[in-house]
Amino acid sequence: MSADTATAAATTRITVQGRVGWALADSWTMTRRELAHWARQPVQMAVGLVFPVMLLLMFNYLVGGGRGVEGDTAEFLVPGMLALTMAFGLEGTMLAVTQDLGKGVIDRFRSMPMVSGAVLVGRSVADMLQSVAALAVMIGVGYAVGWRWHNGLAAALGAIGLLLLFRFAMLWVGIQLAMVAGRPEMVQAVQILVWPVGFLSNVFATPASMPGWLGAVVEWNPMSATATAVRDLFGNPGAAGGTWASDHAGLLAVAWPLALTAVFFPLAVTRFKNLSN
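Counting along the sequence shown from 1, when you hit position 9 you're at 9 in full-length UniProt numbering, and nothing is skipped either side.
Think of the hints as simulated: they come from the structure by calculation, not from any bench. Cβ coordinates follow ideal geometry from the N, Cα and C atoms, glycine included. Check each hint, because a few of them may be wrong.
Computed spacing ranges between beta-carbons, pair by pair [what the hints assert, rightly or not]: (1) ASP72 to TRP213: 26 to 32 Å; (2) TRP220 to GLN188: 44 to 50 Å; (3) VAL137 to ASP247: 29 to 35 Å; (4) VAL217 to LEU258: 18 to 24 Å.
Using the sequences provided together with the hints, build the complete structure.
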């Protein structure tokens, strides 16, 4: 290798490292901006944590859950509610994105010398931190209503990892839908699209207890795959179903979020770059 070639390679490496460092610094700045909103809007943060707890208590004690499951229904219901929590609550992220769009905040960020995707990355990191807090609260409430995991800490951490992977995928779906909606008043209409994903799943009942065609649809729901895989890792009832989807729920719990992220992440980033075009 000649001296000129070596120098060019070193310069390229330094340039790439500088760009990566710049991107990380900008993303962390945007993350701190989102975290600062928590301190200024504690009620909104509290509501986001309390709402899934209310759903869990309502379905466990009032409405009833775990249809088709023998034994303690809380052991079946709580893992499903953990998966449901990862899909719901996206309206906060969607509202934040649309409000920034409406107020011209994102246009001001785009005019600054910063990595264009840092705004979305900062929003996603803050959302994932909130999701970790929501999981911690839900697991604590689950213990209070009698739910336990039975396969050790490593399996429990694997289950939490699958839940956060599902949340990450749903987050980018939400960001893309928010930019399509464009206005805060449209978020509620778009958010309704998430509800079928939650309720056409095995969160509250086993597919075997449903009509055959509906059970088949439910088993291939991405949330059902995550809920089944999480139940299996926690050692809770409801993991076995005798179909390909239920027997390979762990594979689908990874494949579905990766596929959703592969589709909606580039769509969201591309749409963000083209906002002012």
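Hint check for GLN188 and TRP220 - Cβ pair distance inside 44 to 50 Å: 28 Å, violated
Assessment of proposed distance window 29 to 35 Å (beta carbons of VAL137, ASP247): With Cβ atoms ~32 Å apart, the hint holds.
Outcome of range test on Cβ distance (ASP72, TRP213; 26 to 32 Å): Cβ of ASP72 to Cβ of TRP213: about 29 Å, so the range 26 to 32 Å holds.
Distance restraint evaluation - VAL217, LEU258, Cβ atoms, bounds 18 to 24 Å: Roughly 21 Å apart at Cβ, these two residues keep to the hinted range, so it holds.
Hint compliance for this structure: hint 2 alone is broken.
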